[in-house]
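Here the protein sequences line up with chains S and F, keeping their order. Add 3 to the 1-based position in the first sequence for this note's numbering, that's all there is to it. Add 9 to the 1-based position in the second sequence for this note's numbering, that's all there is to it.
It is worth saying that the hints were derived from the structure and are not from the lab. Worth double-checking, as some hints may not be accurate.
To be verified - Simulated coverage check for chain F against chain S, where a stretch passes if three residues somewhere in it have a Cβ under 8 Å from a Cβ of chain S: (1) 121-135; (2) 150-162; (3) 226-235; (4) 242-252.
As the list claims (entries may be wrong) - Cβ pair distances, simulated, as ranges: (5) S/80 <-> F/49: 54 to 64 Å; (6) S/6 <-> F/239: 57 to 67 Å; (7) F/163 <-> S/4: 27 to 37 Å.
If you're wondering where the values come from, they're calculated on a predicted model, not measured in any experiment. From the three backbone atoms N, C-alpha and C, an ideal C-beta is built for every residue, glycine too.
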Amino acid sequence: MIIRTVAIRVLQAIPTLLGVATLVFFLLHMVPGDPVDALLGETAMPADREALRQALHLNEPILQQYADYLAGIGTGNWGRSLVDQRPVFERILERIPATATLAGFSLLLAVLIALPLGYWAARHAGRSQDVAAMGFSLLGVSIPNFWLGPMLMLVFAVFLGVLPVSGMEQPGAIVLPAITLGTALAAVLSRMARSSWLEAMSCDAIRTARAFGLSESTIWWRHAARLAAIPVITMFALQLGAVLGGAVITETVFDWPGLGRLTIEAIQRRDYPLVQGCVLIIASFYVLANLLADILGLLLDPRQRHV
Amino acid sequence: MSRAAWAAIILCLLVPILVMCMALISAQDGHAVDLDQVLAPASWAHPLGFDALGRDVLARLSEGLQLSLSVGLAVILFGGVAGISVGVLAGWSGGWLDAGLMRLADVVLSFPGILLAIALAAMLGPGVDNLIMALVAVGWVGFARLSRAQVLSFKNTPFIEAAIGNGASAVYIAYRHLLPNIAAPLLVEASFGLAAVIIGEAGLSFLGVGVQPPDASLGTMIREGTSLMLVSPYLVIWPGLVLFSLVMAVNLLGDAMRDRLDVRVDVQSR
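Excised from the complex, chain S in its bound form (with noise of 0.2 Å):
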């Protein structure tokens, strides 16, 4: 049964994915006027023109090249960059470890600032301590990453000088940009934690339980917590995804040579394979993500199986 709930959300990613596959091949059709003209400007030798043309397979039918689009990304390739002329794939990969540490750092510290926080507040529901948790809250949510970024620079690496400023050599270089990254990730989920844990008290296993006369840390942390994890490790598993978003103004605050980073230097050299291939990378693991997230709730929660 289970099984094959699972199954069905599964195989309902296919279409979704297609979909944002479409979506990124039409990306590059968007441009107004011509992509050549727009990449070499309207003075360029009919030549180099042609080469591009070429290139791009801008000269056989769009649903020619829509056909050997997809079926390119079947067969991981991806198209050449316009300008090393290397494969899109390849300097994807190269990228993926560098993003990869910078969003495991930011996820974990967003959890361990996340769950205290949130127990914390929901612990002191509507008192004073609630109001200074939920209040940091919302400095999180409210503060622009590419401000948050510079700011900590300022502070630690200009100042006082105990961290370095950007790059990914020196030792300590991941702090700054997981403080960046995380704070936001942190601020969402320490609201989900702080509410699912005051949902999963009011209800009425909780009050049995208090009629059983056991304490009241037995009930927080021994009942109410297994039902508010559920939300939050959902919530959690749609954070992976959301991550990759804000990481790549993060990469480009502080330089980090991640996926963002690559995507940004992309469109800022009007590299367009290369642009599709990061948008399509991210969107997908995006969409793998927020699969993730459906499935553990599935698994985690009997309830949702039936809905």
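Assemble chain F onto chain S, guided by the hints.
Relative to chain S, chain F alone:
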């Protein structure tokens, strides 16, 4: 709304309001370049000093703030109208139209919002119009899904059935009966959306795919300031502070409205 919520909102709005008023009083041109004044410190006539091209920082801050607000409101207006129309249409008609429109929404939601906006803005080319278009293309989905869900929850209620029974047209029902009933959650969505759009505009401009020089956006000002952080840290502090307080005020407003109107909206970081 509680007094504390109002106090917090007003406190946050103080920074943007102060910037606007001071800019009105000092009445400088944010585009006038004075190369003798490059990075010159603050004075009475120029309370926040000059940037790297010798332009008045206060005037540019005020210009950027107005841009943030106007782009934000435009995106929420266009995205809201488009999204609500699509959502009501999908929820009301059901069938293949509903399925098709919601698959389209799913595809848009398969991207981290900021990434899709970056890609669209980069492909459409620079300029405020394209920036708004890119943000609308991402922003309508939230409104569409929310209004569809709301319409579905009202579709089979007695008062709607009574309206159908009375021979009211679908447009009349949507306008007269559905919209007033689904307005509250949409209003909450609009205010959280506004905060996201304001950050989005500044983010795209920060990355260089939004507002182009010489026009001022808080995002471009942060980017320009970041490169001069060692020389003149205020160039990055001020625009960020203005942006942050504005977004914080809008988020507080959303929170307060949600509590007041008692609706549940999924607030996800975009």
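query: Counting residues of the region 121-135 of chain F with a beta carbon closer than 8 Å to any beta carbon of chain S, are there 3 or more?
result: With 12 residues closer than 8 Å to chain S, the region 121-135 of chain F meets the three-residue bar; holds.
query: Does the region 150-162 of chain F contain three or more residues whose Cβ lies closer than 8 Å to a Cβ of chain S?
result: violated (count 0)
message: Using a Cβ cutoff of 8 Å, are there at least 3 residues of the region 242-252 of chain F near chain S, or does the coverage claim fail?
response: holds (count 6)
- prompt: Would you say the region 226-235 of chain F counts as covered by chain S, given the rule of at least 3 residues with C-beta under 8 Å?
  reply: holds (count 5)
message: Taking the Cβ atom of residue 6 of chain S and the Cβ atom of residue 239 of chain F, is their distance within the range 57 to 67 Å?
response: With Cβ atoms ~59 Å apart, the hint holds.
field: residue 49 of chain F and residue 80 of chain S - C-beta distance against the hinted 54 to 64 Å
entry: holds, 56 Å
task: Could you check the hint for me, namely that residue 163 of chain F and residue 4 of chain S are 27 to 37 Å apart, CB to CB?
output: Distance hint for residue 163 of chain F, residue 4 of chain S holds at roughly 33 Å.
Violated hints amount to a single one, hint 2; each of the other numbered hints is respected by the structure.
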